[in-house]
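A.B. asks: As a plain string of letters, each chain reads:
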Amino acid sequence: GESVGLHLPTLSVQEGDNSIINCAYSNSASDYFIWYKQESGKGPQFIIDIRSNMDKRQGQRVTVLLNKTVKHLSLQIAATQPGDSAVYFCAENNHGSGNTGKLIFGQGTTLQVKP
Amino acid sequence: EAQVTQNPRYLITVTGKKLTVTCSQNMNHEYMSWYRQDPGLGLRQIYYSMNVEVTDKGDVPEGYKVSRKEKRNFPLILESPSPNQTSLYFCASNRGLGYGYTFGSGTRLTVV
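Line by line, the protein sequences are chains B and L.
Counting with the working numbering, you get residues 68 to 182 for the letters of the first sequence.
Counting with the working numbering, you get residues 286 to 397 for the letters of the second sequence.
This is chain L alone, in the form it adopts within the complex (with noise of 0.2 Å):
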């Protein structure tokens, strides 16, 4: 089944501990992306990645890492968590431009 699966689905951590949540898609596509949703502000791109060593910053980037390695996985870091990265995150893919995403369960992480 084609999918993209992340995980954990739910976390909650304390302020500074370092935490990665993974993502991995079996679809062999080229772009994937980190998103997070949050109430009144919908989903907000953090990083994308549109190949293997290509990544870049999306419009909400601060306090994150991303690595892209190997094309089926693309994992995001946190190195020191804050509470106002409090927040449903999503990881998604697609084969670029002019198709849609399909997007993994989710992450639901809370920083305490």
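Bound-form chain B, shown alone (with noise of 0.2 Å):
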């Protein structure tokens, strides 16, 4: 069936590094993916986006790839900081049964920015 996974729960990192968020996705036809964040008692924030014709996509400090050959996305945050601490989630646009404008969601990755 259709999924949306993150590798890792919880991903600790020191202030100043860069970050990496994985995800796999099962769904081969899909073709649009987001990345979004979520902090402690708010919805989630859309971060980036990239569709399935582009294999990099760069934001201000933060780079999405995508290889459709495993289906595999990545959210790299540069020089993370201590407002960069929540929940990510990658989501993915479905095609099937009709519901075009479907998200499905991952589980989400707790990043932790240690000072």
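Please note: incorrect hints may appear among the correct ones.
From the structure, some residues in chain B lie toward chain L, with a derived Cβ separation under 7 Å [to be verified]: (1) I101; (2) S107; (3) G110; (4) D116.
With a cut-off of at most 27 Å between alpha-carbon atoms, the simulated DSS-like pairs for lysine-lysine come out as follows [what the hints assert, rightly or not]: (5) L:K303 to L:K354; (6) B:K109 to L:K342; (7) B:K181 to L:K350; (8) L:K303 to L:K342; (9) L:K303 to L:K350; (10) L:K302 to L:K342; (11) B:K109 to L:K356; (12) L:K354 to L:K342; (13) B:K135 to B:K104; (14) L:K356 to L:K303; (15) B:K123 to B:K135; (16) B:K109 to L:K350.
Residues on chain L that point at chain B, a partial pick, calculated with CB under 10 Å [claimed, not checked]: (17) P293; (18) E315; (19) C376; (20) Y386.
In short, the hints are calculated from the structure, not lab data.
Quantities reported herein were computed from a predicted structural model and do not represent experimental measurements.
Yeah, the Cβ is synthetic: ideal placement off N, Cα and C, and Gly gets one too.
Fit chain to chain and form the complex, with the hints in mind.
C.D. replies: What follows is the structure, encoded as structure tokens:
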């Protein structure tokens, strides 16, 4: 069945280091992927997205990499800051059953930034 | 400001007492959806709507109802809440296929 998963439930990094959060997806027909950040007590917040016709996209301090061959997605955060501490979710656009706007979410990785 | 507004933020209720969680978006999005978030289970879709008067079940629809009479509003109705519906609920909207969601701030519901 379809699933979107993250490799590690928790990632701990030192402030100033780069962070890499990974995600594996199973639906090879998915063509749109998003990373969300969820801080405690808040709703998920859009970080960056990528479509399947690309393999890399950069934002401010963040980069998303897409490897369609192995169905793998990663989020890289440069110079991680304490404010980056949150739960990060990957999500994919589901093309099945006509529910075209639906996103399927992974379980989430908690990023802890040590000062 | 473009946003999804849901109310209330917190709600404690008793088993069987009907309740409604409201959701409104100001972005003219056609697609709206309700999710619940539970530890270890992640975000699961309850119901969705692709346009006015067009709603359908998501992955966990049992015990919930929705309506979409206007484009901007998508309330979630629990006719007879039970303790297993204690959860964190999010309303979300987007323009449809190939677009990300904008989420509301969440409603933490406790059913005792």
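A.B. asks: Of the numbered hints stated earlier in the document, which are not met by this structure?
C.D. replies: Structure breaks hints 2, 7 and 17.
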